[in-house]
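Trainee: Quick note, the sequences are listed as chains Y and G, same order. Once you know that position 113 of the first sequence is 125 in this note's numbering, the rest is easy, because the numbers rise by one and skip nothing. Once you know that position 118 of the second sequence is 358 in this note's numbering, the rest is easy, because the numbers rise by one and skip nothing.
No wet-lab data here; the hints were simulated from the structure. Treat the hints with caution; some may be incorrect.
[What the hints assert, rightly or not] The calculated SDA-like cross-link candidates involving lysine to any residue, where the alpha carbons are at most 20 Å apart (straight line), are:
#, chain 1, residue 1, chain 2, residue 2
1, G, LYS464, Y, THR199
2, G, LYS245, Y, ARG114
3, Y, LYS109, Y, PRO156
4, Y, LYS109, G, VAL472
5, G, LYS464, Y, THR186
6, Y, LYS86, Y, ALA53
7, G, LYS245, Y, HIS111
8, Y, LYS109, Y, GLY93
9, G, LYS464, Y, ALA49
10, Y, LYS109, G, SER473
11, Y, LYS109, G, LYS423
12, G, LYS464, Y, ARG115
13, G, LYS464, Y, ARG114
14, G, LYS245, Y, GLY68
15, G, LYS245, Y, GLU169
16, G, LYS245, Y, THR186
17, Y, LYS109, G, SER481
18, G, LYS245, Y, ASN134
19, G, LYS464, G, HIS433
20, G, LYS245, Y, GLY210
21, G, LYS464, Y, ALA177
22, Y, LYS109, Y, LEU155
23, G, LYS245, Y, GLY118
24, G, LYS245, G, SER270
25, G, LYS464, Y, GLU169
26, G, LYS245, Y, PHE98
27, G, LYS245, Y, THR184
28, G, LYS245, Y, PRO69
29, G, LYS464, G, ARG449
30, G, LYS245, Y, LEU138
31, G, LYS464, Y, ARG112
32, G, LYS245, Y, SER189
33, Y, LYS86, Y, LEU139
34, G, LYS464, G, PHE434
35, Y, LYS109, G, GLU454
36, G, LYS245, Y, ALA53
37, Y, LYS109, G, GLU451
38, G, LYS423, G, GLU451
39, Y, LYS109, G, ALA477
40, G, LYS464, Y, GLU196
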Amino acid sequence: MEAPAGIGSTTSLSTALTEAPTDTDPPVVEQRDLARAFARAHIDFAWRVARRLGLGPEDAEDIAQQAMLIASQKLENVFPGSERAFLFRTVANLASKVHRTRRRHGEVPEDAAGELTDHGANPEELLEQRRARATLDDILRALPHELRAAFVLFEIEGLSQREIAAALGIPTGTAASRLRRAREEFTRIAVLRGVLPGPLERRT
Amino acid sequence: MSDLKRWVDDSPPDALVGLIRSARGERAPSRVLSRTLIALGTTSTASVVAAASGGVATVSKVAPSLALVVIKWGGAGLLGGSLVAGAMAVVSRAGSSGVEPVPAASVAQPASRATNPSPDLPRGGFAEAPGPELVPEPPAKASAVPMDKRVEATAIETETALIGAAHARLRAGDGTSALELLKSYEEHFEPPHFEPEVLFLRMQALLQRGEQDEARRVAGVIVKRYPTSPGVSRAEALLDSDAGALEK
Numbered sequence: 013m014e015a016p017a018g019i020g021s022t023t024s025l026s027t028a029l030t031e032a033p034t035d036t037d038p039p040v041v042e043q044r045d046l047a048r049a050f051a052r053a054h055i056d057f058a059w060r061v062a063r064r065l066g067l068g069p070e071d072a073e074d075i076a077q078q079a080m081l082i083a084s085q086k087l088e089n090v091f092p093g094s095e096r097a098f099l100f101r102t103v104a105n106l107a108s109k110v111h112r113t114r115r116r117h118g119e120v121p122e123d124a125a126g127e128l129t130d131h132g133a134n135p136e137e138l139l140e141q142r143r144a145r146a147t148l149d150d151i152l153r154a155l156p157h158e159l160r161a162a163f164v165l166f167e168i169e170g171l172s173q174r175e176i177a178a179a180l181g182i183p184t185g186t187a188a189s190r191l192r193r194a195r196e197e198f199t200r201i202a203v204l205r206g207v208l209p210g211p212l213e214r215r216t
Numbered sequence: 241m242s243d244l245k246r247w248v249d250d251s252p253p254d255a256l257v258g259l260i261r262s263a264r265g266e267r268a269p270s271r272v273l274s275r276t277l278i279a280l281g282t283t284s285t286a287s288v289v290a291a292a293s294g295g296v297a298t299v300s301k302v303a304p305s306l307a308l309v310v311i312k313w314g315g316a317g318l319l320g321g322s323l324v325a326g327a328m329a330v331v332s333r334a335g336s337s338g339v340e341p342v343p344a345a346s347v348a349q350p351a352s353r354a355t356n357p358s359p360d361l362p363r364g365g366f367a368e369a370p371g372p373e374l375v376p377e378p379p380a381k382a383s384a385v386p387m388d389k390r391v392e393a394t395a396i397e398t399e400t401a402l403i404g405a406a407h408a409r410l411r412a413g414d415g416t417s418a419l420e421l422l423k424s425y426e427e428h429f430e431p432p433h434f435e436p437e438v439l440f441l442r443m444q445a446l447l448q449r450g451e452q453d454e455a456r457r458v459a460g461v462i463v464k465r466y467p468t469s470p471g472v473s474r475a476e477a478l479l480d481s482d483a484g485a486l487e488k
């Protein structure tokens, strides 16, 4: 079927869509396939980590995208099983640059609560999830960076202690102790924020 | 050493379980992957159109009228219908009468990418043009996805394909045509999901046409509006080179 003619710019648009460019270089195609598969598998992880490291939704989008571009150029150096550790380091580096830039310019962070992305839940559930994430991010922001990273990777992203050690460049034992301290700090801050009852309230 | 138990599996207060679980299921907006695939140069025009037509398994079996209806749900109206019609012309070459789709490289019209590749386009950023791929995604259950989500997905996939097409024209050295396509894109998709990509492509196209002043103006917009986008370094370099020229 031919595209309808005589409708101005739409004709050139539809013609453009038929201009499927070819790339017959097999290594390039293979690299593209790998990069695509990598992005599909890990884009949510990269975006979530960026969000939990304190970036707003739009900055997190940019950082997740940049992390995938960087990863696509270094895939051969990423060992199987260490993809998330690699991505975390990349996202953390990029996020710290964004934070520095924003501080330098005195900018206020974007809306930390982000948008409603959990399709399938009803509006009340979505609102509740959004509130919970805002509270979570508020507490995470108050954690020291090294504890926050360990906490996010273990408790939220489900990495093993070995993967966390690789991501943070620390011994496995140190990762375990950071996780324990992170929980203690998280609880303390949650009490201060009124998310959890304090010792006195619990007694009564 | 054995791993600690996850906190949510270790009887923490209910309030903490709720906080942690709220973040575990969070997913990036779908446009993040679309934009990333564009940037990686791996989005395929034909598979995008196949997805836009509802993810039907064999492209040749897609009824054009159905495709038109679906694309109109996406808010693309006549433009979308035209896009699908144009794409169907390609798809019909891949397989007619219910035969299996033919591999893309043997049926798609090759772009003139090799005839006049633009030396200005950086590698690994927005530079790679999308490759062809006519094998569609597995079928999706029509009722599994809410209507508004299908609408959003269709519009975004169409936009993705258009950005890819503009990219292909730019790489073919046809900056003028790429600019026209971007202009049409902006007229039909308001607000565009991919404004940073459009700005970056426009900057590149203007440079290709030798319109330095306008390219620098667009570069300024990129730096101001999208300071963390992947294309910002290229825009900054252009602005810096301008500052250097002024100093001289």
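Trainee: State for each hint whether it applies.
Mentor: Results of checking the hints against the structure:
1. G:LYS464 / Y:THR199: Violated, at about 40 Å.
2. G:LYS245 / Y:ARG114: violated, 37 Å
3. Y:LYS109 / Y:PRO156: Within the cut-off at roughly 17 Å; holds.
4. Y:LYS109 / G:VAL472: Roughly 14 Å separates the two Cα atoms, so the pair holds.
5. G:LYS464 / Y:THR186: violated, 42 Å
6. Y:LYS86 / Y:ALA53: Since the Cα atoms of LYS86 (chain Y) and ALA53 (chain Y) sit roughly 16 Å apart, the hinted pair holds (cutoff 20 Å).
7. G:LYS245 / Y:HIS111: violated, 32 Å
8. Y:LYS109 / Y:GLY93: violated, 27 Å
9. G:LYS464 / Y:ALA49: violated, 32 Å
10. Y:LYS109 / G:SER473: holds, 14 Å
11. Y:LYS109 / G:LYS423: violated, 33 Å
12. G:LYS464 / Y:ARG115: Satisfied, since the Cα-Cα distance of roughly 16 Å is no more than 20 Å.
13. G:LYS464 / Y:ARG114: holds, 13 Å
14. G:LYS245 / Y:GLY68: violated, 30 Å
15. G:LYS245 / Y:GLU169: The given pair, whose Cα atoms are some 14 Å apart, holds under the 20 Å limit.
16. G:LYS245 / Y:THR186: holds, 16 Å
17. Y:LYS109 / G:SER481: violated, 23 Å
18. G:LYS245 / Y:ASN134: Judged against 20 Å, a Cα distance of about 31 Å means the pair is violated.
19. G:LYS464 / G:HIS433: holds, 18 Å
20. G:LYS245 / Y:GLY210: violated, 24 Å
21. G:LYS464 / Y:ALA177: The given pair, whose Cα atoms are some 38 Å apart, is violated under the 20 Å limit.
22. Y:LYS109 / Y:LEU155: Satisfied, since the Cα-Cα distance of roughly 19 Å is no more than 20 Å.
23. G:LYS245 / Y:GLY118: This hinted pair is violated, its Cα atoms lying about 40 Å apart.
24. G:LYS245 / G:SER270: violated, 32 Å
25. G:LYS464 / Y:GLU169: violated, 33 Å
26. G:LYS245 / Y:PHE98: violated, 24 Å
27. G:LYS245 / Y:THR184: holds, 15 Å
28. G:LYS245 / Y:PRO69: Roughly 30 Å between the alpha carbons, so the hint for LYS245 (chain G) and PRO69 (chain Y) is violated.
29. G:LYS464 / G:ARG449: The hint is violated at about 23 Å.
30. G:LYS245 / Y:LEU138: Roughly 28 Å separates the two Cα atoms, so the pair is violated.
31. G:LYS464 / Y:ARG112: holds, 16 Å
32. G:LYS245 / Y:SER189: With a Cα-Cα distance of about 13 Å, the restraint between LYS245 (chain G) and SER189 (chain Y) holds, given a limit of 20 Å.
33. Y:LYS86 / Y:LEU139: Distance ~39 Å between LYS86 (chain Y) and LEU139 (chain Y) Cα, so the pair is violated.
34. G:LYS464 / G:PHE434: Since the Cα atoms of LYS464 (chain G) and PHE434 (chain G) sit roughly 16 Å apart, the hinted pair holds (cutoff 20 Å).
35. Y:LYS109 / G:GLU454: The given pair, whose Cα atoms are some 29 Å apart, is violated under the 20 Å limit.
36. G:LYS245 / Y:ALA53: Since the Cα atoms of LYS245 (chain G) and ALA53 (chain Y) sit roughly 25 Å apart, the hinted pair is violated (cutoff 20 Å).
37. Y:LYS109 / G:GLU451: The hint is violated at about 32 Å.
38. G:LYS423 / G:GLU451: Measuring from Cα to Cα gives roughly 16 Å; hence the hint holds.
39. Y:LYS109 / G:ALA477: holds, 18 Å
40. G:LYS464 / Y:GLU196: Outside the cut-off at roughly 41 Å; violated.
Comparing the model with each earlier hint shows violations of hints 1, 2, 5, 7, 8, 9, 11, 14, 17, 18, 20, 21, 23, 24, 25, 26, 28, 29, 30, 33, 35, 36, 37, 40; every other hint is respected.
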